[in-house]
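Adding 1116 to a residue's 1-based position in the sequence shown gives its number in this note's numbering.
Incorrect hints may have been included.
As the list claims (entries may be wrong) - Straight line, CA to CA, 25 Å or less: simulated SDA-like cross-link-like pairs of lysine to any residue: (1) Lys-1224 - Lys-1151; (2) Lys-1174 - Lys-1224; (3) Lys-1207 - Leu-1246; (4) Lys-1139 - Ser-1285; (5) Lys-1207 - Asp-1136; (6) Lys-1207 - Val-1220; (7) Lys-1139 - Thr-1195; (8) Lys-1151 - Ser-1181.
These are computed hints drawn from the structure, not numbers from a lab.
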Amino acid sequence: MHYINPITIAKQCTCQNQTDIEKFEKLGEILSMYKDEPGSLINSLYVAQTIFGYLPDKVIKFVASRLNEPVIKVFGVATFYSYFSRFPRGKYTIKVCLGTACYVRGGKTLLEKVKKELGISIGETTPDGLYTLEIVRCVGACALAPVVVVNNDTHRRVKSNQIPEILQSYISEVSNEN
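Construct the complete structure from the given sequences, taking the supplied hints into account.
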C-alpha cells in the first residue's frame, strides 16, 4: 500500500487558494495510487479532508467513485470516525476534555467558559471561521487534567480564568500571519 502523508500534501498544496476543480484534480491524482488497494479508504478520506478541509457529499461521492467503493460505505467511515468532519471547521479546533479526570477537575466549567467566550455551542464554528468547539472523552493526559487541546497544542491544568488568554493567543497568531 502507498502511504501518502497528508501533512506533506498540505504543505505542498496551497489548497485554500485553489478552486474546487483544482482540488478534485489533486485528490484524483493521489487516489489513483490507492485504487483497488484494500484498506486504503481511511487514508484516502484523510487526504481528501487535508485538501478540502472537510468532507462534503461531493467529496465523499468522488472518493467512492475513484476507489470503486459504495458511497454508503465511504459515508459510513466518514461519519464513524471523529477525526473526519462533514462540515467546515474553524482554523482552530478547540477540544475540551470531559473524560473522568478532566471532568472532576473542572472540565465542564472550562467547556461553559469557552462556549460563553466564543458564543458558540459544541460542534459549531464561530462566524469568522476561526474556532470550532468540540468535546472529547479522553486525550490520554489524565495527570494533566483538566486539558484543553487547540489543534495540536495541549493546554494542561487549565483554569477557567485562563480561557480568554488562551483564545487570545490564537487571535494574535492570526494577526501576525497577515
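Run the distance test for Lys-1207 versus Leu-1246: straight-line Cα separation, threshold 25 Å. Holds - the C-alpha atoms of Leu-1246 and Lys-1207 are around 5 Å apart, at most 25 Å.
Holds or violated: Lys-1207 with Val-1220, Cα cutoff 25 Å? 29 Å, violated
Does Ser-1285 lie within 25 Å of Lys-1139 when you go C-alpha to C-alpha? This hinted pair is violated, its Cα atoms lying about 31 Å apart.
For the pair supplied as a hint, Lys-1139 and Thr-1195, confirm whether the alpha-carbon distance does not exceed 25 Å. Cα-Cα ~21 Å, so holds.
Against the 25 Å threshold, does the CA-CA distance of Lys-1207 and Asp-1136 hold or violate the hint? At roughly 19 Å apart (the allowed maximum being 25 Å), Asp-1136 and Lys-1207 satisfy the hint.
25 Å limit on alpha-carbon distance, applied to hinted pair Lys-1174 and Lys-1224: This hinted pair is violated, its Cα atoms lying about 36 Å apart.
Lys-1151 paired with Ser-1181 [C-alpha distance capped at 25 Å]: 10 Å, holds
If you draw a straight line from the CA of Lys-1224 to the CA of Lys-1151, is it 25 Å or shorter? Distance of about 44 Å is beyond 25 Å: violated.
Of the numbered hints stated above, those contradicted by the structure are hints 1, 2, 4, 6, listed in ascending order.
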